[in-house]
Every structure is written in C-alpha cells, then in structure tokens.
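Asks: So the chains spell out like this:
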Amino acid sequence: AQSVTQLGSHVSVSEGALVLLRCNYSSSVPPYLFWYVQYPNQGLQLLLKYTTGATLVKGINGFEAEFKKSETSFHLTKPSAHMSDAAEYFCAVSEWGSYIPTFGRGTSLIVHP
Amino acid sequence: DAEITQSPRHKITETGRQVTLACHQTWNHNNMFWYRQDLGHGLRLIHYSYGVHDTNKGEVSDGYSVSRSNTEDLPLTLESAASSQTSVYFCASSNRASSEGVGELFFGEGSRLTVL
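Residue numbers (our numbering), protein chains in the order written: chain A, 1 to 113; chain B, 1 to 116.
Quick caveat, the hints were computed from the structure, so don't treat them as lab data.
The structure displayed is predicted, hence computed values, not measured ones.
For each residue, glycine too, the CB sits at the ideal point set by N, CA and C.
Here are a few chain B residues that face chain A, going by a calculated C-beta distance under 7 Å:
1) N31
2) G42
3) L43
4) F90
5) V102
6) E104
7) F107
8) G108
9) E109
10) G110
Some residues of chain B that are not near chain A, with every Cβ distance over 10 Å (derived):
11) K11
12) E14
13) Q18
14) W27
15) H53
16) V60
17) Y64
18) R68
19) E72
20) S83
21) L116
So here's chain A without its partners, still in its complex pose (with noise of 0.2 Å):
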C-alpha cells in the first residue's frame, strides 16, 4: 500500500524567506504526485501536479515541485513567501489505474512578518 509523508505538522517561515515544505511517499511504481491547498474555512484546491515529463513542475502562486525518483520525494518550494501563504498543504499521491489518492496528514505553513 502506498503511504506518504510529510515532514513536520508545522513549518514557520518569515515573509521573504524561503518555503520548503516536504513530501515523501512509498510506491512500487512511478506515481502521479499532487499538492493541494486549503485556505481557512475552505475546501482544498490543485496547487500543482507531475504525471509525466519534466520533473520540475511550477503551479500557481509561485510554487513549483520536483520530482526525484531516486529519493521517492516531492518537496514543494517557493523562493520568497507571501503572508497570502498561511495555509494547510496537502501532498497526494496516485498509482496510474487507481483514482483514490493517497494524501498526507498536511502540514501548516505560517508566514510571519
């Protein structure tokens, strides 16, 4: 069964600075790999996604994903964060024939000023 992982409940950053937000998962073969947000009070949407090709994939907002096979990651990143970012964010992972992904508990991004 797949699991995924994202490190830390929490990350704490300082309007500016760099966003790091990772996300690793177990898979036998190569999956599709999703990170969603959620703003307060509302549902999640599709920040960004990798299924084939480039492994560096960019979304809204400014964030961008990569890819690494070798390491069975996909760290989302945005080099300078805005207080717009507060948010939860979810990693997701699917198998190619399975439409059920499997997310990670989410980790809450706070911006300071």
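Fit chain B to the supplied structure of chain A, relying on the hints for placement.
Replies: Chain B alone, transformed into the frame defined by chain A:
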C-alpha cells in the same frame, strides 16, 4: 463555470438523528468522493463512486452510506449520528484518467457537522 457545491455548510444535530449532506457537481465527472477532515488525522476517505449506481466503502465507512442515482449528486447519509462523527466533511470529484494520467480532485467548500 463548473463547480461542486455542498449543503448545508454548517449543521448541528443530536445523537441518534439521521443526517444527509448533499453534494452536487456540474463538472460531469464520473468519480465522486466523500472525505472527513479531523485534526491529527488529515483527510480520511468515507465512500466513493465511479459512476451511476456504483458505490464503494472507504477506510472509515461505518455509520455512513451513499447512493448515486445520477452523475451530478452523491449525498452522504449518517444513519444515526454519533458524537464521534462531529467533523468537517468534504465532497470531491474527478474525471476519468487520460493520456496525462489520473485527474486531480476538485473539492467542495466543506460541511461542518456538530453532533451533540
């Protein structure tokens, strides 16, 4: 614009009552899902459906049921509400896989249920 809507957004009920949470999507997606979100547990899958008249149990299905009579709707019913079912419930939908792989989930805004 296509969307997925949940109702009610907030509900307070009593233990033992039957409760139904509605989910309606206009994406024309085949796949629909119900999750609950609780602190410390992340998102947990309750039930899902791959199409009309198809329903399947997720990891936390006890005490919940769904039915799929059309493409657009997947109502979630709590047969006899319990305090342990106090949670935020999210409905989601996705399309069939394409040459680009499995589609992403589109989520509703959530329904906050309190069982007293």
